[in-house]
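Peer 1: Sequence:
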Amino acid sequence: MAESWDELLDRLASDLAAAERQLSDPEAPAVDRWTPPTHLGALPERLVERAMGLVSRQAEVAARLDAARTTAGRHLAAVQSIPSPRPTGALYVDVRG
Numbered sequence: 001m002a003e004s005w006d007e008l009l010d011r012l013a014s015d016l017a018a019a020e021r022q023l024s025d026p027e028a029p030a031v032d033r034w035t036p037p038t039h040l041g042a043l044p045e046r047l048v049e050r051a052m053g054l055v056s057r058q059a060e061v062a063a064r065l066d067a068a069r070t071t072a073g074r075h076l077a078a079v080q081s082i083p084s085p086r087p088t089g090a091l092y093v094d095v096r097g
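Counted the way the numbering used here counts, the sequence shown spans residues 1 to 97.
For the record, the hints were derived by calculation from the structure and aren't laboratory data.
Possibly wrong hints are sitting among the right ones.
[To be verified] Restraint ranges, calculated between C-beta atoms of paired labels, are given here:
#1 Ala72 x Arg96: 48 to 58 Å
#2 Glu49 x Ser14: 14 to 24 Å
#3 Ala62 x Val93: 54 to 64 Å
#4 Asp25 x Leu54: 16 to 26 Å
#5 Glu45 x Ala13: 11 to 21 Å
Just so you know, even glycine gets a beta-carbon here, dropped at the ideal spot from N, CA and C.
Using the sequences and the hints given, assemble the complete structure.
Peer 2: Here's what the structure looks like:
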């Protein structure tokens, strides 16, 4: 858990970079779920600009991730719509014959 706002913003920036990597490399490690701190108090004025920059980047990356998810869903639906091949061999064996 972050002990200061500086550490928290560092972690958010790191998580954001990891999410951006996932857009170009689906095998990249997943980003851990973030839980907002409850013990840090108000954001110091000196960090407001940095935090706003991270919020802006988060919105951009979230939109790109959502678009990628939508595209992946369409691809999956297209693949699932392809009929399964039917067996080409005999369906019955003549055991009396």
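Peer 1: Are the hints correct? Go through all of them and say.
Peer 2: Taking the hints in turn, this is what the structure says about them:
Evaluation of the 48 to 58 Å hint for Ala72 and Arg96 yields a pass: the beta carbon distance comes to about 52 Å. Between Glu49 and Ser14 the Cβ separation comes to about 19 Å, which falls inside the hinted range of 14 to 24 Å. In this structure the supplied range 54 to 64 Å holds for Ala62 paired with Val93, their Cβ-Cβ distance being about 57 Å. Against the hinted window of 16 to 26 Å, the Cβ-Cβ separation of Asp25 and Leu54 comes to about 22 Å, which satisfies the hint.
At roughly 19 Å, the beta carbons of Glu45 and Ala13 sit within the given window of 11 to 21 Å.
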